[in-house]
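Quick mapping for you: the protein sequence lines, in order, are chains E and U.
Each number in this note's numbering comes from the position in the first sequence (counting from 1) with 367 added on.
Just so you know, this note's numbering puts 403 at position 411 of the second sequence, and the rest follows in order with no gaps.
Since the hints were derived computationally from the structure, they do not count as laboratory data.
Keep in mind the model is a prediction, meaning the values are calculated, not measured.
Backbone N, C-alpha and C fix where the C-beta goes; we use that ideal spot for every residue, glycine too.
One or more of the hints may lead you astray.
[Unchecked claim] Between beta-carbon pairs, the in silico distance windows are:
1. U:Val147 <-> E:Thr422: 35 to 41 Å
2. E:Val479 <-> U:Pro316: 37 to 43 Å
3. U:Pro44 <-> E:Val479: 57 to 63 Å
4. U:Pro112 <-> E:Thr386: 51 to 57 Å
5. E:Arg477 <-> U:Ser293: 51 to 57 Å
6. U:Pro387 <-> E:Val410: 53 to 59 Å
7. U:Ala129 <-> E:Leu371: 25 to 31 Å
8. U:Pro165 <-> E:Val479: 25 to 31 Å
[To be verified] From the derived model, a few chain U residues whose C-beta atoms are all more than 10 Å from chain E:
9. Thr35
10. Pro38
11. Glu167
[Claimed, not checked] As a list, the in silico SDA-like pairs of lysine to any residue whose alpha-carbon atoms are at most 20 Å apart:
12. U:Lys152 <-> E:Gln481
13. E:Lys369 <-> U:Asp300
14. U:Lys152 <-> E:Val479
15. U:Lys152 <-> E:Ile476
16. E:Lys369 <-> E:Gly447
17. U:Lys152 <-> E:Asp378
18. E:Lys369 <-> U:Ala156
19. U:Lys57 <-> E:Gln481
20. U:Lys152 <-> E:Ala398
21. U:Lys152 <-> E:Asp455
22. U:Lys152 <-> E:Glu383
23. E:Lys369 <-> U:Ala109
24. U:Lys152 <-> E:Leu460
25. E:Lys369 <-> U:Gln155
26. U:Lys152 <-> E:Gly447
27. U:Lys57 <-> E:Asp455
28. U:Lys57 <-> U:Glu28
29. U:Lys57 <-> U:Arg151
30. U:Lys152 <-> U:Pro108
31. E:Lys369 <-> U:Ser159
32. U:Lys152 <-> E:Arg461
33. E:Lys369 <-> U:Ala161
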Amino acid sequence: MKYLFLLYGPDGPLPEPGTAEATAMTERWSAATGAMARAGVLVDCAPVQPAAASTTLRVKDGEVLLTDGPAAEIKEHFGGFTLVQCADLDEALRWAATLPAATEGSIEIRPVVQVPAG
Amino acid sequence: MNDRLDAVLREHWWGAVAAVARRGGDLEVAEDAVQEACAAAVTQWPRDGIPPNPRGWLITTAWHKAVDVLRRDSLRPEREAAAWRRLADDADQPAPSRGGPIGDDELALIFACCHPALDPAVRVALTLRSVCGLSTAEVAAVFVVAEPTMAQRLVRAKRKIRQAGISLAVPGPQELAGRLNAVLRVVYLVFTEGHRASSGAELIRGELCEQAIGLARALAQVLPSEPEVRGLLALLLLTDARRAARTDSDGALVLLADQDRTSWNRAEIAEGEALIEEALRSRRPGPYQLHAAIAACHSGSPAADVTDWRQIAALYGELVRYEPTPVVMANQAVAIAMAQGPQAGLAILDRLADEGRLNQWPQLHIARAELLRQLDRPADALSAYRAALDTGPHPAEREFISRRIGGLVTAGSRPLRRSAG
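The shape of chain U in the complex, shown without the other chains:
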């Protein structure tokens, strides 16, 4: 019962917080009220059974609690009056049932949590808490901060939403495009936080990946005419499909070329490929569609050496126009190395390494080291792997690098061809 209860509460959290926030005009009050309603459910539902419309029950219970708070707060008479007016407007409106696309309230809530007027770092945390329903302790664990610190950050963000008058309604057509980018960015960051956990020994925290995919799916359902939303969902599915293959039984990172492709999730790949093809047909490309198209090149290929690297290099070339970052250029260099040989890619990576901006990014050193190894320059490869270690990489990456270093040192002790220099 408890697992099922948790699942039901988690499923209806977003809708309940969104409905109470929109009616009451205050996210902080709404979230506290829904939290209290969930606590009431935990004591009542095991005794009386889960109500036929759990979301309606949560919203009604939370709304009564929210009204008490709004009433007590005499400094906010205008807000209370506005809240009552809104309540009168839709008091009898039944809570929509779950399963279909999300409603305007839910969409409005995620837009508010991802508003560009909020600090970028807090948008991800706030979305995890207010939209996904993670507890404050869980959100604190994701960002490796103490729970009271995270609680304070979240409260500050919710107060800014109220005090600055950030709307709890879906943005109008004039704002939608710009605001949507901020929302997609947050969903992408939730996923990458799960895919490459910034801390802890476990490389992949599957729950965050699933939350991000759920958010992208919900957005794609309600914004079907936005190809970037489909592009993002496709990217997340195609990346997540490789989850099982990304680490070995010891938890060490496995490079794309060495992954067991039979363990890739075929259902996710099929869905992702269909989505990206559909998105690209709208002829309004964007960075998420390009990232997804690159991921589709990998997922559609039986092995790394028969992958269409020329196409991937071309897609990265397009992507540089949207994201002219050294990381994108480094990825393009790797694709060029695969298409035209290691020397061509190494020339680009060496230039990026000389610029120095990526020196704290272990992947640059790992990529250089891999190409140097292929070019039979073990001494240079060794120092590149050591440079990767010096950046303080993730434990799974550290394990991978240490094995490579071990391999080079063992090979070096045998009478092997010396580096060509």
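Excised from the complex, chain E in its bound form:
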């Protein structure tokens, strides 16, 4: 079963590449996602651009409505995602807890619906 980890944390730009802060952050994330990859559970992962770069889309009466910004204003911002393939929720929770976002913000664990092929 696939689980999408929605990573929430403080909004803001990523640290400047080359700075000690950026290196430390990369190391923390590589350690966590590297372990996931070696265990064969990692499907994909990426940070996303800050909330200011987001556009929310809705279609109403056939018309596409766009709003600048994220869908909901909340204290913590959606900052990235991790997609894993796990046997059950317990395994997914165990991996989610290893990500830096678990201590620096919060992670919403969303099971992905299996769409039948064809």
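On the provided structure of chain E, position chain U as indicated by the hints.
Using the frame of chain E, we list chain U on its own:
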């Protein structure tokens, strides 16, 4: 026949739901199927007699019904395929007979119902329904909500188990310890819900107490190396042993000190004491073992004034490390009052009362009032009893408080020593 039939169905509910849920991979479908199988049993068994292996009969009948549902649901082809694979694996495996410890299926089901990803409030309700086999109406009555409301909560919880991929297998060693705490908590809450019913005039609903003891006993049998499980079972037995003495013939609460100790259940006390001694020997203490050790101090003592209150105060001191709650501190204060005199305990209770977090908890006010009464401060005691009444206590507690107030008012009208202030 009907009572016996109900008892048989209730006895095999947990095992049947667990077996069908694990094979089919869906608790909601499994429970509905077992419910239908029970309905079939109610019409067939009185006519044909109870089958030699009632659980096997229920599982087979329910499984056929579950397969029909899983097949009809074309959105779930993968699940059905998985279910058939599992069925092929163990189709010929005979259903285990009852009496021995529960199997992996039953253990897995209670772990799923108590999963930390479920809302804490629904875990108790779901366990009562899916594991203990209470009807939805009975579970609704326990929580004082309308039946459709409870039905909706239960369905939502069962769907979350399916959709979130909560495993219907026993957790692996990495998860077991953390998950076990959540299970023990639910069993404890089932018991306290029975022991101190949150509503209704009847202070103790014995059936819930017995369900909780049955669950703790089953867990202790299959997890013999977990001292906290034994600690919980010991605690429930030692507490339940006082059931008959906790209320008087009018249904009013009787304080521990005033209880008729000859009416305590000696068999439960003996079993509870043996269990807690055994658990403590493993030298892996935990909150349930400490609570049980405190209960054992009471049950082993012939009267309140010869109880080892120093030991109880020390055990509460240990317990604060696991549960740093005002309720535990208040109980420690009462033990200190018994060991060192009312003034020492009152000082701690006054501080807790000033913090304000326990002001809606009638026991704090009752404990303060009792100590104030002993210190010959009737006016202060009276206002503490009134504060207890203001919290809207349980009817049995209300009755007790009203009697105490009555006693103080009567004593106050006589020329008695005035409060020392």
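Consistency of the hints with the structure:
1. U:Val147 <-> E:Thr422: 35 to 41 Å: Hint holds: Cβ distance 36 Å, inside 35 to 41 Å.
2. E:Val479 <-> U:Pro316: 37 to 43 Å: holds, 40 Å
3. U:Pro44 <-> E:Val479: 57 to 63 Å: Violated, since Pro44 (chain U) and Val479 (chain E) (Cβ atoms, about 46 Å apart) do not stay within the stated range.
4. U:Pro112 <-> E:Thr386: 51 to 57 Å: Taking Cβ atoms as reference, Pro112 (chain U) and Thr386 (chain E) lie about 43 Å apart, which means the hint is violated.
5. E:Arg477 <-> U:Ser293: 51 to 57 Å: holds, 55 Å
6. U:Pro387 <-> E:Val410: 53 to 59 Å: holds, 57 Å
7. U:Ala129 <-> E:Leu371: 25 to 31 Å: violated, 38 Å
8. U:Pro165 <-> E:Val479: 25 to 31 Å: holds, 28 Å
9. Thr35: holds, 38 Å
10. Pro38: holds, 41 Å
11. Glu167: Non-interface label fails for Glu167 (chain U): nearest chain E Cβ at 5 Å, not farther than 10 Å.
12. U:Lys152 <-> E:Gln481: holds, 15 Å
13. E:Lys369 <-> U:Asp300: Distance of about 57 Å is beyond 20 Å: violated.
14. U:Lys152 <-> E:Val479: Distance ~13 Å between Lys152 (chain U) and Val479 (chain E) Cα, so the pair holds.
15. U:Lys152 <-> E:Ile476: The given pair, whose Cα atoms are some 12 Å apart, holds under the 20 Å limit.
16. E:Lys369 <-> E:Gly447: holds, 16 Å
17. U:Lys152 <-> E:Asp378: It is violated: about 30 Å lies between the C-alpha atoms, which goes past 20 Å.
18. E:Lys369 <-> U:Ala156: holds, 10 Å
19. U:Lys57 <-> E:Gln481: violated, 25 Å
20. U:Lys152 <-> E:Ala398: violated, 31 Å
21. U:Lys152 <-> E:Asp455: At roughly 13 Å apart (the allowed maximum being 20 Å), Asp455 (chain E) and Lys152 (chain U) satisfy the hint.
22. U:Lys152 <-> E:Glu383: violated, 41 Å
23. E:Lys369 <-> U:Ala109: Holds. Lys369 (chain E) to Ala109 (chain U) sits at ~17 Å (cutoff 20 Å).
24. U:Lys152 <-> E:Leu460: holds, 15 Å
25. E:Lys369 <-> U:Gln155: holds, 11 Å
26. U:Lys152 <-> E:Gly447: violated, 24 Å
27. U:Lys57 <-> E:Asp455: violated, 26 Å
28. U:Lys57 <-> U:Glu28: holds, 8 Å
29. U:Lys57 <-> U:Arg151: holds, 19 Å
30. U:Lys152 <-> U:Pro108: Status holds; Cα separation ~12 Å.
31. E:Lys369 <-> U:Ser159: Holds. Lys369 (chain E) to Ser159 (chain U) sits at ~14 Å (cutoff 20 Å).
32. U:Lys152 <-> E:Arg461: holds, 18 Å
33. E:Lys369 <-> U:Ala161: Holds - the C-alpha atoms of Ala161 (chain U) and Lys369 (chain E) are around 18 Å apart, at most 20 Å.
Comparing the model with each earlier hint shows violations of hints 3, 4, 7, 11, 13, 17, 19, 20, 22, 26, 27; every other hint is respected.
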